[in-house]
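Undergrad: As a plain string of letters, each chain reads:
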Amino acid sequence: MEAVDLLVLLDSQQFRRLRVIENLLRERKTVSTLYWGQRYRLLYLLGLAKKMSRGALDLPAQALLQQGLIVTGETPDQVRLTPKGEQQATQAYYQPQTRDTWTRLDLMAARQRILLAVQVTSQYAHETKRYYPLATDLATRQAVRRWFHQAKGQSLPGHLFVSLKTALEQLPEMVAEVVTALFTGYQQPGQTVDQLARKYQRTPWEIYLMQLDGLMQIAQDAQDQNHPLRSLLQSTWQSPVSRSAQQTLAAVGRGRSLEQIATARRIKPSTAREHLLEAAILMPVTAFPYDWILTPEIQHAFATALAGPIDSWQYSALPQALQERYAFFYFRLYAIWCDKRGVERA
Amino acid sequence: MLESLESSLEKVFGFQTFRSGQKAALSALEAGQDTLAVLPTGAGKTLIYQLYGYRHAGCVLIISPLLSLMNDQVDRMRVAGFRRSAAINSLTSYSERQEILQHLADYQFLFMSPEMLAQPQMLHRIKQLNLSLLVIDEAHCIVQWGPDFRPEYLLLGAIRTQLQQPLTLMLTATAGRSTREEIARQLRSTPTIVAESVDRPNIFLDVEQVADEPAKQVRLTQLVGQLQGPGVVYFSSKQQATETAIGLRQDTGVRVAAYHAGLDSEDRFKIQQQFMAGQLDVICATSAFGMGIDKDDVRYVIHYHLPADLESYAQEIGRAGRDGKPSIAILLYAAGDEQLPLFLGQANRPEADTIQRYYARPQAFSEEDAAIALLAFYRRHGISETAVINLFTRRERERNRALAQMLAYVREPHCLRHNWLQAFDEQSPAHDEQCCSPAGAPVDLAQLGLLATTRTAPTVVTGGWTAQLRRLF
Chain B
1 MEAVDLLVLL DSQQFRRLRV IENLLRERKT VSTLYWGQRY RLLYLLGLAK
51 KMSRGALDLP AQALLQQGLI VTGETPDQVR LTPKGEQQAT QAYYQPQTRD
101 TWTRLDLMAA RQRILLAVQV TSQYAHETKR YYPLATDLAT RQAVRRWFHQ
151 AKGQSLPGHL FVSLKTALEQ LPEMVAEVVT ALFTGYQQPG QTVDQLARKY
201 QRTPWEIYLM QLDGLMQIAQ DAQDQNHPLR SLLQSTWQSP VSRSAQQTLA
251 AVGRGRSLEQ IATARRIKPS TAREHLLEAA ILMPVTAFPY DWILTPEIQH
301 AFATALAGPI DSWQYSALPQ ALQERYAFFY FRLYAIWCDK RGVERA
Chain E
1 MLESLESSLE KVFGFQTFRS GQKAALSALE AGQDTLAVLP TGAGKTLIYQ
51 LYGYRHAGCV LIISPLLSLM NDQVDRMRVA GFRRSAAINS LTSYSERQEI
101 LQHLADYQFL FMSPEMLAQP QMLHRIKQLN LSLLVIDEAH CIVQWGPDFR
151 PEYLLLGAIR TQLQQPLTLM LTATAGRSTR EEIARQLRST PTIVAESVDR
201 PNIFLDVEQV ADEPAKQVRL TQLVGQLQGP GVVYFSSKQQ ATETAIGLRQ
251 DTGVRVAAYH AGLDSEDRFK IQQQFMAGQL DVICATSAFG MGIDKDDVRY
301 VIHYHLPADL ESYAQEIGRA GRDGKPSIAI LLYAAGDEQL PLFLGQANRP
351 EADTIQRYYA RPQAFSEEDA AIALLAFYRR HGISETAVIN LFTRRERERN
401 RALAQMLAYV REPHCLRHNW LQAFDEQSPA HDEQCCSPAG APVDLAQLGL
451 LATTRTAPTV VTGGWTAQLR RLF
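Sequence lines, in order, name chains B and E.
Here the first sequence stands for residues 1 to 346, where the numbers follow my numbering.
Here the second sequence stands for residues 1 to 473, where the numbers follow my numbering.
Bound-form chain E, shown alone (with noise of 0.2 Å):
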C-alpha cells in the first residue's frame, strides 16, 4: 500500500503540511479522477505533480506553453531534487533532443510544448511511454486569445483521446466558470474542480485614471519614486518596458531592469538573480515575467498598460505580497487604453471572407503572415472551414467579454475586489479601508504603510577585481 501523502510530502520536501488546494487536489489525482485545479500563484502548483510522480511509476508529461521559461523548469525540477526531468521545444537543439529522444523511457517528469507534442512521431513516441499523468500548464491558454495564443492547445483534446485519455491534472491560476467549462470542453474531460480563492486580502487594489500618456508617465515616476519596494511595472511591450527602464532610473534614482522575452537567456537569469538577490528594486516587465520568481516580498505590482482579461491581471498582480505583508496592485488608465488590448488582439486574426478565400485557394497565401500561419495551422489538421470561422467568432466575442469585463473593473465605481472577486464567482468581504480604492477616490499611501521608509543604497563592492574573484571562491 502507498504511504500517506503527508508521509511523501514530509520524506520529498521536508514540509508537514500540505498548502490549501495541494491535498485536495492529490486525494483526487489518486482517486484516479481528472483534476482542474485552480490555485493562485504562489499556492505550489508544481508541487502536486512532483509528489504525484514521486508516489507513482512511469512519466509525468507536462505540456506548457512557456518556451522560454521551460528550461527554467527544468532547472527547478532539478533544484528540487528531480533530476530525471527534460524539456522538448522547438529552442531544443537537434543534438539535444536526439539524446532526450534516446533515453526517452528514462525520465521522470517530461516537459513539451504542445506543438512538439502535435507532431505525429512524437506523439507516436510519447504513446509507447507508460504515463503516470499529463498534466496542462497554464490551462486558461486554451482559452485566452492573445499575441502569444498556442492554437496547439486546441488539439490537446485530440491529443489525449489517443494517449488513451490518460489521468489529467489541469492546472491555472485563475479561471472563472466559464474559463473552467471552457477547459474541460477542449480537454474532453470531466474533472474534479479544485479552486481556492483568487482573494489576496494583504494587496491593496487601485485604480487610478490619468489623463493622458505624459501624465501617466509621471505618475509612474512619482509612484515608484514614493513606494517601498521591490515592486513590478507590467507593460505590454517590450520596447516600452526598457524605455520607462532608463528613464525611471534617471528620474528616481532607484535600481532598475527591464526584463522581458527579447533578453538573452544570460540577461534574463541575471536580472532575475538580481531582483531576487535584493540587488534591484524595480523590474519593468512583459509578462514573461514573473514565472519562477520566488520573491516573496515583492510590494507592489503597477500596470502600465490595461492587461486583455482579468485572469491575467489577477495572475500578475498575484506576485506581490506573497509574504502576506501589506502590499498594492495599482492599475494606471488612460481613456482609449483598451484600444492596445484589442488591437495586439485582433492583430493575428483573419476576418471571415480571408478565411474563406484561404480555403478556396490556400496556395495563394505566404504564411509568413501570422493569420495565415494559423489559418494553415487548423487546415492541416483538417478542421473545416466553418468550424473555423465558428472558433473565430467565438473567440472574438470571448475576448471582446473579457476585455469589457477588465474595463467594468476599470470603471468600478464602489469596490474593486467585489468587482474582481465576482469575475470569478466568489463572494467578497466587507469593503473597507484597507480594501480598495477605485479611479476617482483618493488613495494614502501612507495610511497603507506603502510608502519608501528607507532607500537602499546602492550595494558597495569592496575592495576592486580581486577581492570580488576572491569572493566567488
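Chain B with its partners taken away, still in its complex shape (with noise of 0.2 Å):
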C-alpha cells in the first residue's frame, strides 16, 4: 500500500487508528477492529491484505504526514485529514461499486476459481490439451474440475464470455479492460497488477481495487440461475458472522439468555457477548434482534445519558450507577443500533 491509497481511507473528521486499518486488512477479527471498521465504513477492507506484515501502514502514514495531509491525534496511531489532504483525498481515486458486499463472498476464493475457469475454458475452447494450469491450491484446483466435468461443451465458451462481458459492461471502461487483462487463457499470459499499475499510472493496491470490484460484480451476476459459473461460486457465498457466533445468535433467538448460552455452549458468557456484538455489526439492522437485548428500558437510560456524535461516547464517562447497571456490552451494541439506523446524535 502506498500512501495514497492510505489516504483515500482517512476522513477529515473523524481520527482513525492505524492499527484498525492494518488489522483489517490482515482479517485479525477482533469486535474492537470490526467495530471500529464499522464506524470507519471501511469493514469492505476484511482480509484483503492476509500477508501485510505488522506496521506496513506507518511508512506511507508517515509520507502523509511529512506532506502535510494529515495530522495525528491523541496518539501517533490516530490520524485524521487536514484540509489539503481532503482535497487531495477527493481526487480521483477508484471507488468499488460492489464493495458493500465484499464481506459477504469469500472474494479471494472465488478470485482463484474464476481465474482458474477462465483459463481452463479459454485452453478447451482452443482446443489446447496441454498447458500450463495457473498455480492454485488443491480446493480451487478440484472444485473447478468439478464444474468443468460438468459444465463443458460446446456452448459453453461462448456462454462464458457473454456473461463476463455483461458483468463488466456495468463497470467504468478502465475496470472492464483490468479485469480482462488479469485473465490468463489461450495465448494470453494475462498481465500481473504491476504491469497494470504502471500501464494505467494508478497504484497497484487501486488495480487490485478495481479487479476485485469486477471479479465481485461477476460472483453477483453469478448468483442467476442460467450463469455458466453458478454452481462454481456457490460454495464461496458465506456469512461474513463466525460459524460460532452464529450459533449463539441462534440461541438468543430461541430465547435464551446470554448465561444459559454460554454453560451450554460451554463458552464464556464474554465470548457470547463479543459473538453477538460481531453479528450486530456484520449484519443488516433488521437481522439482528436489537429489541430483545436493548429493551425499552435500557434504550431510554442510554438515551438519556449519552450525547453527542458517537464517536465521543465513553463507557467510562457514564453515571457510575448507569455503569453497575448495565456492562460495557449493552453500551456498545446500543452504539453500533445507532450507527446501523443511521441515527448519529442520540
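Quick caveat, the hints were computed from the structure, so don't treat them as lab data.
Any given hint could be a false lead.
[What the hints assert, rightly or not] Pairs of lysine-lysine, BS3-like flavour, derived with a Cα cap of 27 Å:
1) E/Lys-216 with E/Lys-238
2) B/Lys-129 with B/Lys-152
3) E/Lys-325 with B/Lys-50
4) B/Lys-29 with B/Lys-268
5) B/Lys-165 with B/Lys-152
6) E/Lys-325 with E/Lys-295
7) B/Lys-51 with B/Lys-199
8) B/Lys-29 with B/Lys-51
9) B/Lys-129 with E/Lys-11
10) B/Lys-199 with B/Lys-165
11) E/Lys-238 with B/Lys-129
12) B/Lys-199 with E/Lys-238
13) E/Lys-238 with B/Lys-51
14) E/Lys-23 with E/Lys-295
15) B/Lys-50 with B/Lys-199
[What the hints assert, rightly or not] Covered stretches of chain B, as calculated for chain E (at least 3 residues, CB under 8 Å):
16) 159-165
17) 187-199
In this text, a Cβ means the ideal position worked out from N, Cα and C, and glycines have one as well.
Both chains come to you apart, so use the hints to assemble them.
TA: And the structure:
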C-alpha cells in the first residue's frame, strides 16, 4: 500500500486508527476492530491483504504526515486528514461499486476459481490439451475440475464470454480493461498487477481494488440460475459472521439468556457477548434482535445519558450507577444500533 | 520381456532418438546400477526418470530442494501426460497433504522436499511404498553451501539406507570431480557416472571488468540496449533485481520484468509465460528463475553479481542459446565483488565457539537465528559437536575453494573456456575469436552477430477489452 492508498481511507472529521485499518486488512477480527471498521465504513477491507506485515501502514502514514496531508491525534496511531489532505483525497481514486457486498463472499477463493475457470475454458475453446495451469491450491483445482466436468460443452466458451462481458459492462471502461487483462488463457499470459499499475499510472493497490470489483460483479451475476459459473461460485458465498457467533445468535433467537447459552455451549459469557457484537456489526440492522436485548428501559437509559456524536461516547464517562447496572456490552450494542439506523446523535 | 528403450521413447514421447546422455543413464539404471547423471541444463534430465517410471511398476520418488518450483514440476509432469504425480512439501496445505497421503500408493511420481522426507512419520509411509526409483534432483545441493543450503540433504544418505538402498538416480547439471565424489559419499553409493560435456560452443564467454557499481549500472544499461534479446540478467538480491528492472525499463525502452521468489505464484506464472510468449525482452532474475523455462532462443545471460561457484554459473549461462545459435554469457565484475558471495555464505554459518557454546547449553539459544536453527537441526539428528565443527570447517574450505575458482575464471588472462572446462576436468577446444573474451580484451558484439537488428515493437492490442475477452474464447 502506498501513501495515496491510505489517504483515501481517512477522514477529515473522524480520527482513524492505523492499527484498526491494518487489522481489517490482515483479517484480525476482534470486536474492537470490527466495531471501528464499521464506524469508519471500511469493513470491506476485511481480509484483503492477509499477508501484509504488521506496521506496514506506518511508512505510508509517515509520508502523509510529512506532506502535511494528515495530522495525528492523542496518539500517533490516530490520524485525520488536513484540509489539504481532504482536497487530495477527493481527487480521482477508484471507489469500488460492489464493495458493500465484499464481506458476503470469500472473495479470494472466488478470485482463484474464476481465474482458473477462465483459463481452462479458454484453452478448451482453442482445443489445447497441454498447457500450464495457474498455480492454485488443491481446493480450487478440485472445485474447478468438478465444475468443468459438468459444464463443458460446445456452448460453454461462448456462454462464458457473454456472461463476463455482461458483468464487466456494468463497470467503468477502465475496470473492464483491467479485469480482462488479469485473465490468463489461450495465447494470453495475462498481466500482473504491477504491470497494469504502470500502464494506467495507478497504484498496484488501486488496480487490485478494481479487479476485486470486477470479480465481485461477476460473482453477483453468477447468482443467476443460468449463469455458467453459478455452481462454481455457489460455495464461496458465506456469512460474514463466524459459525460460532451464528450459533450464539440462533440460541438467543430461541429465547435463551446469555448465561444459559454460555453454559450450554461451554464458552465464557464474555465470549457469548462478543459473538453477539460481531453479529450485530456484520449483519443488517433488521437481521439482529436489538429489541430483545436492548429493552425499552435500557434504550431510555442510554438515550438520556448519551449525547453528541457516537465516536465521542465513552463508557467510563457514564454515571457510575448506570455503569453498574449495564455492562459495556449493552453500551457498545446500543452504539452499533444507533450507527446502523443512521442515528448519529442520540 | 521389456520393450526396448527406443520403443518406449517413441511410445511415450514420440521421439525417435535419445539426446546424448539419456540412453547411457537409462541403460545403467536398467542394469540396476545407481547412476549419477551430470547433464547440462536442457539435456532432458527429467525424461530419464519419466521413462524409467513408465517402464517399471511402483513409485518414482523425486527429492527436490526447490520448494517454490516443485508444483511447477508436477504441472510439467501432468502436461507431459503423467497425471499420477503429486508434490508434498512445507508449502502444501494441510488438507492437500492429507488428500495426497490417503492415495499415496496410487502415485507414479512423487515429489518431496528433503525436510518432508526426513520426518519420521513420512519416512514410515514411504517405506511402505514400492519404490521403483529414488531420484535426487539438483544433487549438487548436497555440496553447495549458500543461503538456500538445505541441511536435510545431508540426511539423505541415512534415509537411503533406511529405505533399503533403492535404485538411485542422482541428477545435476554441473559437478566437477570433487562434487561428484562428495555426492556419492553422502548418498553412500558408488554410482555409474554418466557425464556430458558442460561446454556450450555456441555461447561466447565474456568477462568485463568495470570500475565500480555505478559504472556497472551504466555498462549493463548499454548492453541491454544493444544486445539482441531475449536475455536474462542474474542478480544475487531480489531488491536489486527489482530496482534494476525499473531502471532498465526507463533507460532502454525494452520490455523488462523482475522475477524472484518474493513474487506470488500468479505473478511468477504470468511473467514466465510472457517471457516464453515473447512479450518480454529481458528478465531481471535471481537464481529462482530458470528451472522450468523451456525457452531456446535466449540470446544472452548477464551476471550482475559474482556467482558463488562455477557450477551455478555454468547452470545459469546454460539457459542461453539452447537453439544452438550464437549467444553470449557476460559476467560484469568490479573489484571487491567477491565480498557479496562471501558474506551470503557466512550469513548463516556459526563460528566454532558458538557451536561449542550451543552444544553445552542448547536451551540458551533462540532458533530464530538461522545459524542456530542449523545447529539445532544437526543436534536433533544426533550429529556430534566435533562432527559438526568438522562439517562446517570442511564446507567453509570447500566454499572458499569454489569462490577462488570463480575468481580465477574472472581473472583468467587467456581463455575463459579453457579455465571453465578445466574446472570440470574437461579438455577445451583450441581458442579462437568465437570462443571468449577475458577481462581487458575487447569484444566486438557486432562481429559476433549479437547486436539487436530489430527492436520488437510492443505488442499492439487491438479492439479494446471486449475483443481481448473474445479472443480468450
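Undergrad: Each hint: holds or not?
TA: These are the hints, each one checked on the structure:
1. Only pairs whose Cα atoms come within 27 Å are accepted, and E/Lys-216 paired with E/Lys-238 is accepted, the gap being roughly 17 Å.
2. Among the hinted pairs, B/Lys-129 with B/Lys-152 is consistent with the structure: their alpha-carbon atoms are about 14 Å apart, no more than 27 Å.
3. For the proposed pair E/Lys-325 and B/Lys-50, the alpha carbon gap of about 46 Å is over 27 Å, so the pair is violated.
4. Taking the CA atoms of B/Lys-29 and B/Lys-268, the gap is about 18 Å. The hint holds against a cut of 27 Å.
5. Our distance criterion of 27 Å between C-alpha atoms is met by B/Lys-165 and B/Lys-152, whose separation comes to about 19 Å.
6. Taken as a hint, the E/Lys-325 and E/Lys-295 pair is honoured in the structure, with Cα atoms around 13 Å apart against an allowance of 27 Å.
7. About 25 Å separates the Cα atoms of B/Lys-51 and B/Lys-199, which keeps this hinted pair within 27 Å; it holds.
8. A hinted pair counts as satisfied when its Cα atoms are at most 27 Å apart, and B/Lys-29 with B/Lys-51 qualifies at roughly 15 Å.
9. Annotation: proposed proximity of B/Lys-129 to E/Lys-11 holds, straight-line Cα distance about 18 Å (limit 27 Å).
10. The straight-line distance between the Cα atoms of B/Lys-199 and B/Lys-165 is roughly 22 Å, inside the 27 Å bound, and the hint therefore holds.
11. Between E/Lys-238 and B/Lys-129 the CA atoms are separated by roughly 35 Å; this puts the pair beyond 27 Å, and the hint is violated.
12. As the CA atoms of B/Lys-199 and E/Lys-238 are separated by approximately 23 Å, the hinted pair is consistent with the 27 Å bound.
13. A threshold of 27 Å between alpha carbons decides the hint, and for E/Lys-238 with B/Lys-51 the separation of about 18 Å falls inside it, so the pair holds.
14. A hinted pair counts as satisfied when its Cα atoms are at most 27 Å apart, and E/Lys-23 with E/Lys-295 qualifies at roughly 24 Å.
15. In summary, the hint linking B/Lys-50 to B/Lys-199 is supported, as the alpha carbons are separated by about 26 Å, within the 27 Å threshold.
16. Counting residues of the segment 159-165 of chain B whose CB lies closer than 8 Å to any CB of chain E gives 4, so the stated coverage by that chain holds, three being the minimum.
17. By the rule of at least three residues with a Cβ nearer than 8 Å to a Cβ of chain E, the coverage given for the segment 187-199 of chain B holds, with 9 such residues.
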